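Protein chains: 2
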Amino acid sequence: LTAAADTLFLAVPCAVADKAMDPVLPALRPGTALVDVTASSGEAKKRRAVPVEARGVAFVDAALMGPVSINGIRVPALLSGSGAAAFQNAFQPLGMSLEVVSERAGDASAVKMVRSVFTKGMSALFLETFLAARRAGVEQLVFDSIVRSMEETPFAATINRYLTGVAIHAGRRVAEMHEVIDTLHELGIEPITAEATKKRLERVAAAGLREHFKGITPKRYAEMLEALDPAGARTKDTML
Amino acid sequence: LTAAADTLFLAVPCAVADKAMDPVLPALRPGTALVDVTASSGEAKKRRAVPVEARGVAFVDAALMGPVSINGIRVPALLSGSGAAAFQNAFQPLGMSLEVVSERAGDASAVKMVRSVFTKGMSALFLETFLAARRAGVEQLVFDSIVRSMEETPFAATINRYLTGVAIHAGRRVAEMHEVIDTLHELGIEPITAEATKKRLERVAAAGLREHFKGITPKRYAEMLEALDPAGARTKDTML
Chain A
1 LTAAADTLFL AVPCAVADKA MDPVLPALRP GTALVDVTAS SGEAKKRRAV PVEARGVAFV
61 DAALMGPVSI NGIRVPALLS GSGAAAFQNA FQPLGMSLEV VSERAGDASA VKMVRSVFTK
121 GMSALFLETF LAARRAGVEQ LVFDSIVRSM EETPFAATIN RYLTGVAIHA GRRVAEMHEV
181 IDTLHELGIE PITAEATKKR LERVAAAGLR EHFKGITPKR YAEMLEALDP AGARTKDTML
Chain B
241 LTAAADTLFL AVPCAVADKA MDPVLPALRP GTALVDVTAS SGEAKKRRAV PVEARGVAFV
301 DAALMGPVSI NGIRVPALLS GSGAAAFQNA FQPLGMSLEV VSERAGDASA VKMVRSVFTK
361 GMSALFLETF LAARRAGVEQ LVFDSIVRSM EETPFAATIN RYLTGVAIHA GRRVAEMHEV
421 IDTLHELGIE PITAEATKKR LERVAAAGLR EHFKGITPKR YAEMLEALDP AGARTKDTML
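Here the protein sequences line up with chains A and B, keeping their order. Positions 1 to 240 (the numbering used here) are the ones given, in order, by the first sequence. Positions 241 to 480 (the numbering used here) are the ones given, in order, by the second sequence.
It cannot be assumed that every hint is accurate.
[Said to hold, decoys possible] Computed list of chain A residues with no C-beta within reach of chain B, every gap over 12 angstroms:
| hint | residue |
| --- | --- |
| 1 | V16 |
| 2 | A20 |
| 3 | M21 |
| 4 | T32 |
| 5 | S82 |
| 6 | A90 |
| 7 | G106 |
| 8 | G137 |
| 9 | A170 |
| 10 | K214 |
[As the list claims (entries may be wrong)] Capping the alpha-carbon separation at 27 angstroms, the derived lysine-lysine pairs in DSSO-like fashion look like this:
| hint | chain 1 | residue 1 | chain 2 | residue 2 |
| --- | --- | --- | --- | --- |
| 11 | B | K476 | A | K199 |
| 12 | A | K236 | B | K439 |
| 13 | B | K476 | B | K439 |
If you're looking for bench data, these hints aren't it; they were derived computationally from the structure. Because the structure is a prediction, the values reported are computed rather than measured. Glycine residues also receive a C-beta, built at the ideal position from the N, C-alpha and C atoms.
Please take these sequences and the hints and turn them into a complete structure.
Next up, the structure:
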């Protein structure tokens with residue numbers, strides 16, 4: 001197989017992906033490409049790329065953004081790694097929907113996992129919000145109010161406004177979440193996401209950002225993240 | 241006080257609001273208005289409106305959407321109740337920022353509380369997402385990816401797409417949340433919102449909506465809510 005193929009796909013359950021590479025690795029020919037489409041974490045793909053690239057073989061971290069069972073070959077994928085651009089050039093014309101995010105193995109899978117915190121989190125928020133709105137008899141009013149405020153500003157500005165505002169106002173919002181949680185209990189809706197929201201905001205309130213920024217909302221959200229997690233990517237030791 | 245005033249404001253901590261009304265109620269004159277600006281739940285305001293309106297006094301449920309300490313008289317407020325429109329006409333010209341949501345007391349406060357599940361929940365999601373993105377070294381890539389997908393469709397369509405999709409795909413998304421949670425642990429980020437997301441989605445997966453809709457995504461999100469909570473506003477007895 002490896003003797004004939006120019007592009008080899010690693011498509012196995014991620015629990016056995018490392019083991020599956022053992023017999024493949026010595027047979028890879030320089031100048032070919034290995035496309036890792038497993039649902040592994042970015043760290044796992046970064047680790048698997050090292051011996052592959054050491055043999056002169058291009059590594060492609062492909063993160064599938066939907067189920068193959070529904071989309072088939074058209075399943076959208078994020079790509080990263082040394083072979084990402086060449087793979088996109090070769091396979092995009094065949095009907096695949098590919099986006100290169102960077103040249104570093106692991107980035108595509110990390111982006112996929114991390115953006116899921118937000119996208120799947122939104123579906124949970126919508127569920128809790130609209131189940132409560134329906135119980136309170138204000139479903140359409142809440143829908144209109146949320147749509148109006150979300151369409152007032154471009155989404156990039158919304159992210160920045162929420163993340164900079166929270167540096168100064170986290171404490172007050174924790175207090176407001178107590179009332180929100182009481183309201184959900186009255187309506188018979190378990191405050192699953194609301195309790196998580198309160199806990200996340202409590203962490204920020206406890207971090208003393210209000211004092212750090214002297215009560216003035218920072219301009220860019222990166223300043224807030226920097227203040228919350230000064231070491232950032234350099235260490236994963238402080239649990240946040 | 242009540243003898244001279246045409247518009248009376250009830251502005252006390254919500255724990256003592258009912259008690260504060262005891263001496264006020266008998267002194268209210270027909271044709272005047274009582275504006276309840278307490279941070280009470282919609283249910284509490286609805287209850288307080290009954291004896292007030294029985295005396296021929298207009299009731300205004302005013303839900304303040306920001307702190308008076310920062311905004312002063314310009315604090316934005318949602319209004320509902322029998323006196324909402326008249327109050328807006330009289331006070332908007334004085335520089336207040338008022339929006340009437342309905343004629344029913346309680347609606348304004350219910351909208352405020354319920355939309356907070358979403359808006360404050362978003363700030364928590366952004367926190368967890370971008371702390372993780374920073375730790376994974378993909379902060380800008382995640383920002384760009386989220387902004388691009390959120391600006392593809394109007395927000396009203398996004399709400400509908402997320403809530404209808406979840407009817408069919410909740411089970412698969414629960415499985416994906418396991419991987420997301422593992423990734424957060426690897427990065428040293430406590431999966432506070434991610435665990436809540438998984439739990440909310442598990443509830444939907446367990447409700448058998450996939451079978452109910454015979455595997456076909458419903459068109460409107462209202463169909464999904466109806467299937468999850470058939471009794472809706474008529475009962476708050478089933479905990480959701």
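Classify the label on A/S82 as holds or violated, using whether its beta-carbon is more than 12 angstroms from each beta-carbon of chain B.
Label holds. Min Cβ-Cβ 17 angstroms, cutoff 12 angstroms.
Below or equal to 27 angstroms on CA atoms is what counts here, so check A/K236 against B/K439.
Cα-Cα ~26 angstroms, so holds.
For the pair supplied as a hint, B/K476 and B/K439, is the alpha-carbon distance within the 27 angstroms limit?
holds, 20 angstroms
Could you check that no beta carbon of chain B comes within 12 angstroms of the beta carbon of A/G106?
Violated, because the least Cβ-Cβ distance between A/G106 and chain B comes to about 8 angstroms, which does not exceed 12 angstroms.
Assertion that A/A20 lies farther than 12 angstroms from chain B (Cβ)
Consistent with the label, A/A20 stays out of reach of chain B, its closest Cβ about 18 angstroms off (over 12 angstroms).
Given as non-interface: A/K214, partner chain B, CB spacing beyond 12 angstroms:
holds, 16 angstroms
Run the distance test for B/K476 versus A/K199: straight-line Cα separation, threshold 27 angstroms.
Since the Cα atoms of B/K476 and A/K199 sit roughly 26 angstroms apart, the hinted pair holds (cutoff 27 angstroms).
Does A/G137 sit more than 12 angstroms from chain B, CB to CB?
The claim is violated: A/G137 sits with its nearest Cβ about 4 angstroms from chain B, within 12 angstroms.
Once the closest CB in chain B is found, is it more than 12 angstroms from A/T32?
Fine: 27 angstroms to the nearest Cβ keeps A/T32 off the interface.
Classify the label on A/A170 as holds or violated, using whether its beta-carbon is more than 12 angstroms from each beta-carbon of chain B.
violated, 8 angstroms
Grab the minimum beta-carbon distance between A/M21 and chain B and tell me whether it stays above 12 angstroms.
holds, 19 angstroms
Minimum Cβ-Cβ distance from A/V16 to chain B exceeds 12 angstroms:
At roughly 15 angstroms from the nearest Cβ of chain B, A/V16 sits farther out than 12 angstroms, so the non-interface label holds.
In this structure, the hints that do not hold are numbers 7, 8 and 9, in rising order.
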